[in-house]
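Participant: Please model the complete structure; the sequences and the hints are all you need to start from.
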Amino acid sequence: MSNLGAFSSLQYVAGDSLLHRLDPRSKYGFAISYLVTLVSSNSLITSWIGMVIVISSYLLSGFHLLMVWRNLRGIIVVLFILGSIQASLNGIEAAALVTLKVLSFFLMITLMLSTTPPEKQIEGLRKLLSPVRRLGINTETFVFMFTVAVIYMPLLLEDTMRIMQAQRVRGLRNGRWNIARRGKDMFLLLIPVLLMILRRAERLSEAMESRCYQPGCERTGYVQLKIAKHDIIVLILAILLPFILLYPI
Amino acid sequence: MTDSSKSPAVLFENVSFRYTEQSEWIIKDIKFSIALGEWVSIVGGNGSGKSTLIKLMNGLLKPSLGKVNVLGENIEMANLLKIRKCVGVIFQNPDEQIVGVTVEEDIAFGLQNLMLQRDEIISRVDRMMKLLQLEEFRNRPVRTLSGGQKQLVAIAGILAMHPKIIVFDEATSMLDPQSTIHLHSLMSDLHHKGFTVIHVTHHPEDILKADRILVLNQGRLTFEGDVPTLMKQPEILQDAHTLPPFVVRFKESLYRRGIELSGGCKSEKELAKSIWEYISAM
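Which chain is which? The protein sequence lines are A and B, in order.
So the first sequence is numbered by the numbering used here: it starts at 1 and just counts up by one.
So the second sequence is numbered by the numbering used here: it starts at 250 and just counts up by one.
Don't read these hints as lab results, they were simulated from the structure.
Accuracy of the hints is not assured; some may be wrong.
[Claimed, not checked] Residues from chain B shown here face chain A by an in silico Cβ test under 10 Å; the list is partial:
(1) Ala284
(2) Leu285
(3) Trp288
(4) Val336
(5) Val338
(6) Ile347
(7) Gly359
(8) Leu365
(9) Arg367
(10) Ser372
(11) Leu503
(12) Leu510
These figures come from a predicted structure and were not determined experimentally.
Ideal placement from N, C-alpha and C gives every residue a C-beta, glycine not left out.
Facilitator: If you want it as structure tokens, here you go:
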């Protein structure tokens with residue numbers, strides 16, 4: 001089953017673009033700088049520039065613009081609701097600002113995940129957290145939680161879809177536009193999904209422990225990362241970005 | 250410290266296990282030993298305690314009563330990492346033992362936990378991928394492989410840790426027939442290379458290759474011995490909610506119709522030979 005609905009945008013798409021070749025640490029750095037700038041700014045122009053940056057990055061990554069639309073389809077309802085609330089409370093300009101920010105935020109995250117293989121995401125995170133580890137804080141458990149989430153999210157989604165199909169086969173009809181009925185359907189789904197997650201988690205922990213995993217203990221790193229010239233340029237851009245975008249226009 | 254080369258691979262001394270003091274015994278008063286290099290099949294129906302037995306061998310569970318010794322060390326006192334390094338377990342569901350994103354990472358997982366040098370990890374991963382012909386899948390996400398390929402990746406991950414005992418906990422039950430045959434031939438290869446193979450199964454045909462069989466019924470060990478001895482008492486398997494292998498059932502059914510075949514019946518070949526001899530003697 002490859003169709004994971006809205007969640008398919010959170011998966012890695014293989015490629016050989018500049019963005020694919022970037023070190024995950026420089027990508028994390030740029031994404032954090034971009035997102036902080038976006039959240040701190042209240043200017044519509046800054047948000048538009050932010051949007052242009054993320055769309056250009058998509059084009060730079062070699063993805064078709066159609067993919068941007070496919071990724072957005074999953075959150076279009078959320079955007080519409082958010083925009084409507086803002087428009088009724090604070091006017092059209094505030095609604096446009098919120099919509100642009102959420103859009104840019106979502107696109108930057110999906111771009112990050114689409115251009116970085118999971119193993120590099122994890123190693124990048126481990127390396128970024130290493131200064132915290134030197135302070136005596138256990139980051140290994142957090143990194144491993146992220147790893148397990150990356151590996152098991154598609155599996156859990158596939159299982160959820162299987163349960164939904166089993167429910168439909170037994171006569172359950174989803175009310176597409178009936179919000180109350182959809183809520184009820186979701187509740188019916190909740191218990192089997194929770195049970196399945198617990199069962200999988202128990203078996204996975206047994207498999208991991210039987211292969212000598214000890215929660216929180218140090219492990220040898222396997223994936224090697226290298227900072228290249230283009231990574232340094234991206235990191236410099238990440239530092240400059242808040243100053244450029246937050247400069248009063 | 251005991252000399253592990255002279256000790257049995259696994260020794261259970263009157264072992265009982267239950268999760269809480271109020272709950273029922275999952276396994277009760279089990280006593281057996283498995284020698285190094287032996288191939289042992291553990292057979293029993295659902296809920297007979299087979300998987301619990303395996304978890305006790307690997308130190309995932311500790312016995313409520315009795316003692317479990319693995320390579321001469323009591324699992325309650327020993328270093329669990331050492332025990333788990335020596336006893337590799339391949340579980341039933343290939344999807345529930347994926348611990349790395351790509352094939353090579355999954356194989357490296359146990360070695361990373363053992364804190365080996367990166368170069369050593371890479372060399373062992375390379376060796377295992379070559380041995381199990383997984384080289385073409387090196388950078389593929391494990392999730393995208395077939396069930397049989399995923400089980401091979403799990404086996405590679407276990408073998409890379411250089412275990413002495415390999416446990417297959419119903420490892421073929423979710424595989425297609427071709428992958429099952431492949432996995433069985435791999436088990437035979439491992440056995441010939443000197444590994445202790447413990448195969449937990451409820452498929453009757455799987456037991457024929459084993460040196461010894463342990464039959465579990467509702468948490469109790471009801472039989473311990475070799476295949477020919479067990480085949481003379483097929484009711485033991487029936488009581489344990491499983492069946493004797495096809496060749497044995499076939500021979501039994503001929504016997505009930507007055508046809509008594511001579512010779513063993515460890516395989517279809519032997520059965521065919523016995524039938525041929527019977528017909529020739531007529």
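Participant: State for each hint whether it applies.
Facilitator: Okay, the hints, checked on the actual structure:
1. Ala284: Hint on B:Ala284: violated, closest Cβ of chain A at ~22 Å, above 10 Å.
2. Leu285: violated, 20 Å
3. Trp288: Because about 20 Å separates B:Trp288 from the closest Cβ in chain A, which is outside the 10 Å limit, the hint is violated.
4. Val336: holds, 8 Å
5. Val338: holds, 5 Å
6. Ile347: Status holds, d = 6 Å.
7. Gly359: Nearest chain A Cβ about 4 Å off; hint holds.
8. Leu365: holds, 6 Å
9. Arg367: At 6 Å from the nearest chain A Cβ, B:Arg367 passes the 10 Å test, so the hint holds.
10. Ser372: Hint on B:Ser372: violated, closest Cβ of chain A at ~13 Å, above 10 Å.
11. Leu503: Result: violated, 43 Å to nearest chain A Cβ.
12. Leu510: violated, 43 Å
Hint check: violations occur at hints 1, 2, 3, 10, 11 and 12; the rest are consistent with the structure.
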